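J.: Use these hints to put chain B onto chain A, whose structure you have.
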Amino acid sequence: MNCAECRDNLVACAEGLLDREEELQCRAHLDACAYCRAEYEAITSLQRCLIARGQATAGVRIVEPVMRRVYQEQFKPERETIMSKILKHRWGFGLGATAGAAAVIIAIVLATSPKAFGIDQVIEAYNKIRFLHVKDFRAKAQEPAEFWIKSNDQGQVEKARYYLPETEDGVKLITWTPERTELWFKSKRRFVTLQTSRIAPWMQSLLEQSQPQLVMKKLLEDQKAGKVDIRTQEPQGEQKAVVIVAAHKTEPNKEIYYVDRKTDLITRIEYYRIEGTNEVLKSRTEFSDYNAPIAEKMFSIRGELPKDVRIADRLNQVSGVAQGNMTDERAAAETVRQFFQALIDKDYKKVGLIWCGELEENAKEEFGGVNVAKIISIGPPVPQPDWDKHGFRVPCELEIIHSDGQKSIWKPGVYVRPGDDEMHPDRWNITGGINPEETAVKILPDNTKYEKMTPQQAAETFFKACAERQWDEVLKFWPMSGTDERFERMKEYLGGLEIVSIGEPYQSGKYPGWYVPYEIKLRPQEFNLRVANTNSAKRYVITGTYDSKLKLQEQLKWSNEPEVLTNNDAYAKMSPAEVARAYFEALSKRDWAEMQKFTPDNDVETTKHQLEEAKKQGMDLPVMEAGKAFWSAEQSAYFVKCHYLGYVKKWNLAVRNDNPANRYMFDGGL
Amino acid sequence: MDLTDKEYVERCRDGHQEDFRVLVDRYQKPLFAYLAGRLRDGLQVEEAAQESFVRAFLSLKKLRKPESFYAWLLGIAGRVAKEQLRSLKHRQQDCEVTESIMANAADSGEDYPLEEAIAALPETYRQVILLRYYEGLSCQEVATRLDLPLGTVTKTLSRAYALLRQELAARESAEPTVNQTELP
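Those protein sequence lines, which keep their order, are chains A and B.
Heads up, the first sequence is in the numbering used here, so the first residue is 1373 and it goes up one at a time.
Heads up, the second sequence is in the numbering used here, so the first residue is -5 and it goes up one at a time.
Because the hints were derived from the structure by calculation, they are not lab data.
Just so we're clear, the structure is a prediction, and the values are computed from it rather than from any experiment.
The C-beta atom is built at its ideal place from N, Cα and C for all residues, glycine as well.
Some clues are possibly wrong.
Taking lysine-lysine pairs in the PhoX-like style, the calculated list, with each CA pair at most 25 Å apart, reads [what the hints assert, rightly or not]:
1) B:0 with B:56
2) B:55 with A:1590
3) A:1721 with A:1626
4) A:1783 with A:1893
5) A:1590 with B:56
6) A:1836 with A:1779
7) A:1893 with A:2013
8) A:2021 with A:1893
9) A:1736 with A:1721
10) A:1779 with A:1718
11) A:1863 with A:1836
12) B:59 with B:0
13) A:1596 with B:56
14) B:76 with A:1621
15) B:76 with A:1596
16) A:1893 with A:1863
17) A:1929 with A:1980
18) A:1836 with A:1821
19) B:56 with A:1507
20) A:1626 with B:76
21) A:1721 with A:1560
22) B:55 with A:1596
23) B:56 with A:1522
24) A:1987 with A:2022
25) A:1910 with A:2000
26) A:1679 with A:1736
27) A:1961 with A:2000
28) A:1599 with A:1621
29) A:1590 with B:76
30) A:2021 with A:1836
31) B:59 with A:1599
32) A:1779 with A:1824
33) A:1814 with A:1783
If you want the ones that stay clear, here's a sample from chain A, every Cβ over 10 Å from chain B, calculated [claimed, not checked]:
34) 1387
35) 1515
36) 1590
37) 1646
38) 1682
39) 1700
40) 1754
Next comes chain A alone, as it looks inside the complex:
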């Protein structure tokens, strides 16, 4: 069989349609001809994709529901409304896309008012929007997230800046332009420059959410589907805004949109959740400074950075390791190998490059104390299917040398994946799983004793050491230095505890260690509340919590001044200690309204949340008592000495032993 004949038969061969002799000839040719073999493999690979698609959708049956909806739509009367006009204008698809010839009926006051909503002006107004400032207030958040967006004539986002005060990564500040994205992880003191197009769609959607056309369209669709009731109120008297109230029928949610009567622009959206008979405000988004020009310097962070920030530059240097012809597994393992080889060679420039493009000095600062002597083993890489894109965890074994010359084995599980640098999607970077602190875990002279402990025994020994304040013993289970600030806090928190019970350890999910259920009784603890009356209501309110040594634990931010109450005089006469007592009493009665007189709204929300969480764990908040007030000259503030009675904590201690010393160490759950 020659190439041409083979090609003619490839599909039949892949389908198993050739007779025995033809198939043998075809296979023989494929064995001999790399060119035809490649063609055959390409066909079978495509077949596999198609078969997988067919299998994944084998059970799909939507003909009947679609046809039911088609018939329903047919019988809807046609009616043009003001809302539908708004939608049709500019965006082109309007209701035609949602309801076709049969426009949706909207029974709202708006539709009957000829001048209502100033449609033309609205559209005109939005056509000219170039600058926008958005604030997003979450109920439990201390601060709003903020966005500044600049768009072009076509309504596409050109530049953006956003400030995110509360994320898993702590405070984040980001600026975006098509050429350059800057990310400042403020809490982590890290700064990254890169080029990405992934932010633009998100900013665009935010910009579009402020467009009445799209907001209305979504509402109408939901109304059409019977999901929402819409009510519109024209402004009355002094009121300046058109108010659109959308109450959802299938979920306990409600939104209120405020449209400025003068400018025809949306100024605020409030999101409520219905809980029983209450409407609880969950968040609100405010749109302001429409078309107020935003200074160019706002779209770059570089000039605002303090000196101690670690910088990773993925714009001017190529990070990671190129995949080349390697398989994904090979590339993952090779990236990790090159990283540790660079650590052995003390080549911190290379270490930084593979570590997502961090600068050499940062890499040295982070890994300078880790003395890797040799690589014992790397891999095999374990795929991480939960990730949005493919990546691996690569288990490694390395020999490290401690400062006293002692050797031990370090077993990090390194996370590695390609394409973090959008401009170089074929390059693999290390994204986590390396904790230099782990290498500080030393092998103890009596390490065998600890190595032999079960997770339960380790937890028991740890808590017992806390109970007896044997801090040297405690540190054997906690990989941190005795001079660490966290250590002092832990001493205060756990010192003198009483063990109630230690349960059977269990494993869960992908966590490589064990969870040990425990119940402990913490001893009574002292703390201080800071109070101040330098507000327009002239009454004492709580402004922060401090530990027994007057070290700040949490500052309570009042975004608005404390309200002047109807019976403000009575509260203004209360002393600092009386305020603390009244607050604790309100808390014990769960009298949220009363609590709001002493702490900011978001603090009350946080307390509610904590109570719910505590309840889930079968706990209650401890009983708190207020003592005497005192003036701190150092802090120039009044404080009230308080304490809470010892309380029982039931939770799970996380322990793992994949460290050089092979003993179970504390990893979380206190």
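T.: Using the frame of chain A, we list chain B on its own:
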């Protein structure tokens, strides 16, 4: 033998809306696969698929090239998916920006170019691919269904694979074009 997409579209426009059922039946699975590449949640996919068909039906009169019904349907589905993601993002707007920039965003699904490439096939080829893979028929069954010799089916498949590979390769180096096809 079944009518072509063009013929069914024209019949629907002439008032035989019941015939739309055939088009839904013909494309429900590839449409599902297409949306599954964009939206991860099964319920969302089903909702978006239904919505896309309903919108397509209501806009049939505006479809200028009835023979391109499937490509046009994918364009509608693409927009429906985008709207769903937008509304979802808005509700879950916890601003996990690292998620969205350090990792692929949920809306950057990578699995749908295959369906777009299928949509770009001439109808004869597309029909064979759909019957063979989405309806799960064997080549012999496809031949019987379409009243064609078995050899013609394998040749059509062979040509369809070549076109698909060509289309997929072209898409790797360019943005998907299906959304730029005729708008409803």
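J.: Does each hint hold? Answer for all of them.
T.: Results for each hint:
1. B:0 with B:56: holds (13 Å)
2. B:55 with A:1590: holds (24 Å)
3. A:1721 with A:1626: violated (54 Å)
4. A:1783 with A:1893: Given that 25 Å is the threshold and the Cα spacing comes to 35 Å, the pair is violated.
5. A:1590 with B:56: holds (22 Å)
6. A:1836 with A:1779: Violated - the C-alpha atoms of residue 1779 (chain A) and residue 1836 (chain A) are around 30 Å apart, more than 25 Å.
7. A:1893 with A:2013: The given pair, whose Cα atoms are some 22 Å apart, holds under the 25 Å limit.
8. A:2021 with A:1893: With Cα atoms ~6 Å apart, residue 2021 (chain A) and residue 1893 (chain A) stay inside 25 Å; holds.
9. A:1736 with A:1721: holds (8 Å)
10. A:1779 with A:1718: holds (18 Å)
11. A:1863 with A:1836: Within the cut-off at roughly 13 Å; holds.
12. B:59 with B:0: Holds - the C-alpha atoms of residue 0 (chain B) and residue 59 (chain B) are around 8 Å apart, at most 25 Å.
13. A:1596 with B:56: Holds. Residue 1596 (chain A) to residue 56 (chain B) sits at ~22 Å (cutoff 25 Å).
14. B:76 with A:1621: Distance ~24 Å between residue 76 (chain B) and residue 1621 (chain A) Cα, so the pair holds.
15. B:76 with A:1596: Roughly 19 Å between the alpha carbons, so the hint for residue 76 (chain B) and residue 1596 (chain A) holds.
16. A:1893 with A:1863: Measuring from Cα to Cα gives roughly 15 Å; hence the hint holds.
17. A:1929 with A:1980: Holds. Residue 1929 (chain A) to residue 1980 (chain A) sits at ~17 Å (cutoff 25 Å).
18. A:1836 with A:1821: holds (16 Å)
19. B:56 with A:1507: violated (41 Å)
20. A:1626 with B:76: holds (23 Å)
21. A:1721 with A:1560: holds (21 Å)
22. B:55 with A:1596: At roughly 22 Å apart (the allowed maximum being 25 Å), residue 1596 (chain A) and residue 55 (chain B) satisfy the hint.
23. B:56 with A:1522: Roughly 35 Å between the alpha carbons, so the hint for residue 56 (chain B) and residue 1522 (chain A) is violated.
24. A:1987 with A:2022: OK: residue 1987 (chain A) and residue 2022 (chain A) at ~11 Å, within 25 Å.
25. A:1910 with A:2000: holds (21 Å)
26. A:1679 with A:1736: Distance of about 16 Å is within 25 Å: holds.
27. A:1961 with A:2000: holds (22 Å)
28. A:1599 with A:1621: holds (5 Å)
29. A:1590 with B:76: holds (12 Å)
30. A:2021 with A:1836: holds (15 Å)
31. B:59 with A:1599: violated (35 Å)
32. A:1779 with A:1824: holds (20 Å)
33. A:1814 with A:1783: holds (13 Å)
34. 1387: Violated, because the least Cβ-Cβ distance between residue 1387 (chain A) and chain B comes to about 5 Å, which does not exceed 10 Å.
35. 1515: Holds, because the least Cβ-Cβ distance between residue 1515 (chain A) and chain B comes to about 12 Å, which exceeds 10 Å.
36. 1590: violated (6 Å)
37. 1646: The assertion about residue 1646 (chain A) holds, with a minimum of 15 Å to chain B.
38. 1682: holds (16 Å)
39. 1700: holds (15 Å)
40. 1754: holds (18 Å)
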